[in-house]
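> Chain residues, written in single-letter form:
Number of protein chains: 2
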Amino acid sequence: MDFITILGLVAATLSTLAFIPQVIQTWQTKSAKDLSFAMFFLMFTATALWLVYGLMLSALPIIVANGTILVLLGVILYFKLIYK
Amino acid sequence: MDFITILGLVAATLSTLAFIPQVIQTWQTKSAKDLSFAMFFLMFTATALWLVYGLMLSALPIIVANGTILVLLGVILYFKLIYK
Numbered sequence: 002m003d004f005i006t007i008l009g010l011v012a013a014t015l016s017t018l019a020f021i022p023q024v025i026q027t028w029q030t031k032s033a034k035d036l037s038f039a040m041f042f043l044m045f046t047a048t049a050l051w052l053v054y055g056l057m058l059s060a061l062p063i064i065v066a067n068g069t070i071l072v073l074l075g076v077i078l079y080f081k082l083i084y085k
Numbered sequence: 002m003d004f005i006t007i008l009g010l011v012a013a014t015l016s017t018l019a020f021i022p023q024v025i026q027t028w029q030t031k032s033a034k035d036l037s038f039a040m041f042f043l044m045f046t047a048t049a050l051w052l053v054y055g056l057m058l059s060a061l062p063i064i065v066a067n068g069t070i071l072v073l074l075g076v077i078l079y080f081k082l083i084y085k
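So the protein sequences, as listed, match chains R and H.
For the record, in the first sequence the residue sitting at position 48 is 49 according to our numbering, with numbers rising by one throughout.
For the record, in the second sequence the residue sitting at position 29 is 30 according to our numbering, with numbers rising by one throughout.
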């Protein structure tokens with residue numbers, strides 16, 4: 002595997018893991034006032050499109066990363082709706 | 002331009018625009034308590050790697066999207082540090 006591919010995989014992994022601390026923090030504090038609903042909603046929509054894009058190209062890294070991010074964003078949006 | 006490429010461009014544009022409502026909300030409320038520093042820091046690092054990835058591939062859409070996102074994430078991280 003060449004350096005550019007490894008760089009892309011590291012970037013994709015970090016992008017995916019990034020949402021986990023937000024899920025944990027909001028879960029623990031039960032407070033989501035400062036989170037922009039529009040930001041997470043737009044990101045959820047974009048991630049769903051990336052997932053379709055990955056599926057159409059049968060690109061496994063895009064499918065796995067965006068499938069995972071979609072679930073995490075879904076949890077954050079749910080928290081935003083219930084904790085305000 | 003084929004459908005898959007258009008889909009990818011729409012997804013990239015939405016991913017980029019998504020951060021703007023968060024910048025505006027945090028700017029207006031001066032409150033960033035509920036934002037996870039770890040989330041935005043990990044995302045900033047990942048975006049910087051995506052930018053290097055795009056530069057190494059001379060892939061203009063990746064460079065433009067991630068360059069813009071990097072600036073917006075930088076602003077959000079700055080707000081997180083000053084507004085707590």
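Check each hint, because a few of them may be wrong.
[Stated by the list, open to error] Pair ranges (Cβ atoms, derived):
hint : chain 1 : residue 1 : chain 2 : residue 2 : range
1    : H       : 34        : R       : 2         : 40 to 48 Å
2    : R       : 8         : H       : 75        : 14 to 22 Å
3    : R       : 31        : H       : 8         : 32 to 40 Å
4    : R       : 84        : H       : 8         : 18 to 26 Å
5    : R       : 59        : H       : 31        : 42 to 50 Å
6    : H       : 14        : R       : 62        : 16 to 24 Å
7    : R       : 2         : H       : 56        : 26 to 34 Å
8    : H       : 5         : R       : 29        : 38 to 46 Å
9    : R       : 84        : H       : 59        : 42 to 50 Å
Hints listed in this document are in silico derivations from the structure and should not be mistaken for laboratory results.
Quick caveat: nothing in here was measured; it's all calculated off a predicted structure.
Where is the CB? At the ideal position from N, CA and C, for every residue including glycine.
> Could you run down the list of hints and mark each one as holding or not?
For each hint, the structure was consulted:
no. : hint                      : in the structure
1   : 34(H) / 2(R): 40 to 48 Å  : holds (41 Å)
2   : 8(R) / 75(H): 14 to 22 Å  : holds (21 Å)
3   : 31(R) / 8(H): 32 to 40 Å  : holds (37 Å)
4   : 84(R) / 8(H): 18 to 26 Å  : violated (33 Å)
5   : 59(R) / 31(H): 42 to 50 Å : holds (46 Å)
6   : 14(H) / 62(R): 16 to 24 Å : holds (21 Å)
7   : 2(R) / 56(H): 26 to 34 Å  : violated (19 Å)
8   : 5(H) / 29(R): 38 to 46 Å  : holds (40 Å)
9   : 84(R) / 59(H): 42 to 50 Å : holds (44 Å)
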